[in-house]
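Using the hints, build the complex out of the two chains.
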Amino acid sequence: MTILEFSLPVCGSSLIAGLIGALTGLGGGVVLVPLLSLFFKVDIRYAIGASLVSVIATSSGPAAAYVKEGFSNIRIGMFLEIATTLGALLGANLAARVSTHAIAIVFGVVLLFSAYFSRKPRSQAEREVPPDPLATRLRLNGSFPDADGPRSYNVQHVPTGWALMFGAGALSGLLGIGSGAMKVLAMDQAMKIPFKVSTTTSNFMIGVTAAASAGVYLNRGYIDPGLVMPVMLGVLAGSLLGARILIKVHTKWLRLGFSLVIVLLAIEMLYNGLSGRI
Amino acid sequence: MLPERRWTDQRIENILGNLLRAGVLLSALVVAIGGVIYLLRHGHSAVDFRAFRGEPADLRNVHGIIRDTLALRGRGIIQLGLLLLIATPIARVAFSIFGFAEERDRMYVLFTLMVFAVLLYSLVGSA
Numbered sequence: 000m001t002i003l004e005f006s007l008p009v010c011g012s013s014l015i016a017g018l019i020g021a022l023t024g025l026g027g028g029v030v031l032v033p034l035l036s037l038f039f040k041v042d043i044r045y046a047i048g049a050s051l052v053s054v055i056a057t058s059s060g061p062a063a064a065y066v067k068e069g070f071s072n073i074r075i076g077m078f079l080e081i082a083t084t085l086g087a088l089l090g091a092n093l094a095a096r097v098s099t100h101a102i103a104i105v106f107g108v109v110l111l112f113s114a115y116f117s118r119k120p121r122s123q124a125e126r127e128v129p130p131d132p133l134a135t136r137l138r139l140n141g142s143f144p145d146a147d148g149p150r151s152y153n154v155q156h157v158p159t160g161w162a163l164m165f166g167a168g169a170l171s172g173l174l175g176i177g178s179g180a181m182k183v184l185a186m187d188q189a190m191k192i193p194f195k196v197s198t199t200t201s202n203f204m205i206g207v208t209a210a211a212s213a214g215v216y217l218n219r220g221y222i223d224p225g226l227v228m229p230v231m232l233g234v235l236a237g238s239l240l241g242a243r244i245l246i247k248v249h250t251k252w253l254r255l256g257f258s259l260v261i262v263l264l265a266i267e268m269l270y271n272g273l274s275g276r277i
Numbered sequence: 000m001l002p003e004r005r006w007t008d009q010r011i012e013n014i015l016g017n018l019l020r021a022g023v024l025l026s027a028l029v030v031a032i033g034g035v036i037y038l039l040r041h042g043h044s045a046v047d048f049r050a051f052r053g054e055p056a057d058l059r060n061v062h063g064i065i066r067d068t069l070a071l072r073g074r075g076i077i078q079l080g081l082l083l084l085i086a087t088p089i090a091r092v093a094f095s096i097f098g099f100a101e102e103r104d105r106m107y108v109l110f111t112l113m114v115f116a117v118l119l120y121s122l123v124g125s126a
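The listed protein sequences derive, respectively, from chains A and B. Position one of the first sequence corresponds to residue 0 (numbering that gives the first Met the number 0), numbered consecutively onward. Position one of the second sequence corresponds to residue 0 (numbering that gives the first Met the number 0), numbered consecutively onward.
Each hint should be verified, as a subset may be incorrect.
Said to hold, decoys possible - Example chain A residues on the side facing chain B (calculated, C-beta under 10 Å, incomplete):
{"id": "1", "residue": "M0"}
{"id": "2", "residue": "S6"}
{"id": "3", "residue": "V41"}
{"id": "4", "residue": "V52"}
{"id": "5", "residue": "G69"}
{"id": "6", "residue": "F78"}
{"id": "7", "residue": "A87"}
{"id": "8", "residue": "A101"}
{"id": "9", "residue": "I104"}
{"id": "10", "residue": "F203"}
{"id": "11", "residue": "A211"}
{"id": "12", "residue": "R219"}
{"id": "13", "residue": "V227"}
{"id": "14", "residue": "A236"}
{"id": "15", "residue": "L240"}
As the list claims (entries may be wrong) - Across the chosen pairs, the derived CB separations fall in these ranges:
{"id": "16", "chain 1": "B", "residue 1": "G42", "chain 2": "A", "residue 2": "V128", "range": "54 to 62 Å"}
{"id": "17", "chain 1": "A", "residue 1": "P149", "chain 2": "B", "residue 2": "S44", "range": "33 to 41 Å"}
{"id": "18", "chain 1": "B", "residue 1": "F51", "chain 2": "A", "residue 2": "L263", "range": "19 to 27 Å"}
{"id": "19", "chain 1": "A", "residue 1": "M0", "chain 2": "B", "residue 2": "R103", "range": "57 to 65 Å"}
{"id": "20", "chain 1": "B", "residue 1": "G124", "chain 2": "A", "residue 2": "R276", "range": "34 to 42 Å"}
{"id": "21", "chain 1": "A", "residue 1": "R243", "chain 2": "B", "residue 2": "H62", "range": "37 to 45 Å"}
{"id": "22", "chain 1": "A", "residue 1": "S151", "chain 2": "B", "residue 2": "R103", "range": "34 to 42 Å"}
{"id": "23", "chain 1": "A", "residue 1": "P144", "chain 2": "B", "residue 2": "P55", "range": "47 to 55 Å"}
{"id": "24", "chain 1": "B", "residue 1": "G124", "chain 2": "A", "residue 2": "L263", "range": "36 to 44 Å"}
{"id": "25", "chain 1": "A", "residue 1": "P158", "chain 2": "B", "residue 2": "A31", "range": "43 to 51 Å"}
To be clear, the hints were calculated from the coordinates, so they are not data collected in a lab. Since the structure is predicted, the reported quantities are computational estimates derived from the model, not experimental observations. Just so you know, even glycine gets a beta-carbon here, dropped at the ideal spot from N, CA and C.
Bound conformation, chain B alone (with noise of 0.2 Å):
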């Protein structure tokens, strides 16, 4: 293997960590920020998960979550932290596509694209 092949690779993985890092902490706050709200207004209500009711149409798919937390409402602000954090690995996966087209390595761009199809048809086709 090539040591210029090879620098790029760690150069890739090295911002690649630090954005996994990042969108972790952020989506973090977000929950946390979400999750102060909810408690606030509802932490003496009484919960029960015993049964399985499925949730509302809102907090299912991103249009309704952004919805809810521009309402500040707590369960959807926590909702937007989620999908921040499933949002990371798939920005990983889009960054990695660019760092292999960088490499001018078009075998795995295509593979990487067919990763990033896969995660996209999941959060947006799957409904």
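So here's chain A without its partners, still in its complex pose (with noise of 0.2 Å):
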């Protein structure tokens, strides 16, 4: 196969994952791995390597928009970078000393739970909680826009959000994706941040946890440009016009096929990597 032959249909493929992970608010970067190791025959390595420099694109890129609607809390998603980016290092060094084998299955156990969680109804009910000693005297309570003025909410529960950020930050850096299910769900869940805060500020929060595992993986040559080339540019094009088309979808159907297939690369990815395939 030529660089050409190859370029080509794994910028196609990237675009419609990316565009399909904006439409879905899945984000593309879960899907990338299993579809360059899977069917491009990629090194899984190299794959993780193109799929995490997407990510921080697809985050931090012009297809955000997040940042104007005074929903994320910087405070909130500083504090918690601390965590993230210190499980990151320790993800893109797991990855490192770990055999290809053991990250194609925990890759599609993480695949497992992403498409349960996308398929779990959303906690959108109102939570009146007092404020949280720590949380106040670490500044994170804020409030957000609402239809009827600012609405102001609590904290709880930072050190059991603590933890399970570095826990996603350490599976952000060991499988090259953006872990935004859970970091949603530490915050939304664990520490009672409104779903539309926890949503935006985690999105806030994925290019700079990224960035923090990317470093190691140019430093141990992972990041191949010939490779994140095609892959990148598809993923920001596709995240770009799934930004664009999104009012206009009905996202139920699509949601619910994104899911169906993310459990089909599960399976492939727990098979291929119990087989010792990957």
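Put into structure tokens, the structure is as follows:
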């Protein structure tokens, strides 16, 4: 296969992954590694490097329309980024030490979790929780614009949330994904932060978390320009396109379809990892 | 929370958002330019990512990437674009340090410095 014959289909598939990722809000990163390693027979370490770099592009890029809405809380984000970046360093170092079979198996499990998470109903209920002393001292409590003026919220269970964020960072560094689902879980479920604030703050954090392991990956030689070029440009174009048509499409069936694809990829990754093919 | 501080937070967030957008678009442009050179020169060579070999030393660090870029090598230019992409969130964190300092929030200046240190270590210290 020549470089041109390889780059064009890889770019096209990455575009579709980025597009569906943006439309469903699940992120394209989680399908990139299975796509590259299962269908394009790319070594999983190169695939992880390419995916991680693309995650930075989609989470920080023009498609990430979260900053100007006033939902994200930069103090929560920055405080938790201490955990995610340290976790990401650990994950990226683990990636060099564990076998590719083990990475494929962990990846399969995380895919199954993502599919489950995407089907779970969102907790939209209004919570009235008392202020937590630690969260108050860390100035994590905030407010966001609601239909009838700004609504304030209190943050709970800071240590649990911090520990979960460390785990999310480690998974991001090990697998080259944004691990947005786990970040939202930590904020929304554990720390009782409103869902909209959780998702926008999570998006805000993904790029910084990914940058923490991308440096290690670059130094280790996992980032191949010939592979990352079509992947990154494709995913970015797809997510830009997705952000434009986001309002027009009905995402319910798309989300269902995408989670089915994720389950199939999970089974394939688990099979390949357990049988030693990856 | 004081309304004045919220306004400043909002302003910081807006500047950060624009910074991120500009950084990602610039890096995509550089990657695309490198990609065109790479495909024009090597488009018909054989490719194989099946076996992991690791990148050559010059594509692994800032110094080598800049040298390759100056020599107008496609892979070097792509890697420079990717380096810009990795630097974008790092620049965001660096800017936040000044933002929190402006608000005289010492605790968050410290937190942000910690994140910045981890990012710098990853990029230059982890080799």
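Under 10 Å is the threshold here; is the Cβ of A/V227 close enough to any Cβ of chain B for the hint to stand? holds, 6 Å
For the hint on A/F78, does the least C-beta distance to chain B fall short of 10 Å? holds, 6 Å
Report holds or violated for the interface hint on A/L240, using the least CB-CB distance to chain B and a cut-off of 10 Å. It is violated, given that the least Cβ distance between A/L240 and chain B is near 14 Å, above 10 Å.
Do the numbers back the hint for A/S6, that is, is its least Cβ distance to chain B under 10 Å? Because about 7 Å separates A/S6 from the closest Cβ in chain B, which is inside the 10 Å limit, the hint holds.
A/I104 as chain B interface residue, shortest Cβ-Cβ below 10 Å: Check failed: Cβ of A/I104 comes no nearer than 18 Å to chain B, outside 10 Å.
Please check whether A/A87 passes as an interface residue: C-beta within 10 Å of a C-beta belonging to chain B. holds, 8 Å
Should the interface hint for A/A101 be scored as holding, given a Cβ-Cβ cut-off of 10 Å against chain B? At about 15 Å, which exceeds the 10 Å cut-off, the nearest Cβ of chain B leaves the hint on A/A101 violated.
Return holds or violated for the Cβ distance of A/P144 and B/P55 against the range 47 to 55 Å. 51 Å Cβ-Cβ, so the 47 to 55 Å window holds.
Just tell me: holds or violated, for the beta carbon distance of B/G124 and A/L263 against 36 to 44 Å? Holds, since B/G124 and A/L263 (Cβ atoms, about 40 Å apart) stay within the stated range.
Per-residue hint verdict: A/A236, partner chain B, C-beta under 10 Å: Since chain B brings a Cβ to about 9 Å from A/A236, closer than 10 Å, the hint holds.
Does A/V41 meet its interface restraint, that is, does its C-beta lie within less than 10 Å of any C-beta in chain B? holds, 4 Å
Please test the hint of 33 to 41 Å on the beta carbon pair from A/P149 and B/S44. violated, 58 Å
When the structure is compared with the earlier hints, violations turn up for hints 8, 9, 15, 17, 22 and for no others.
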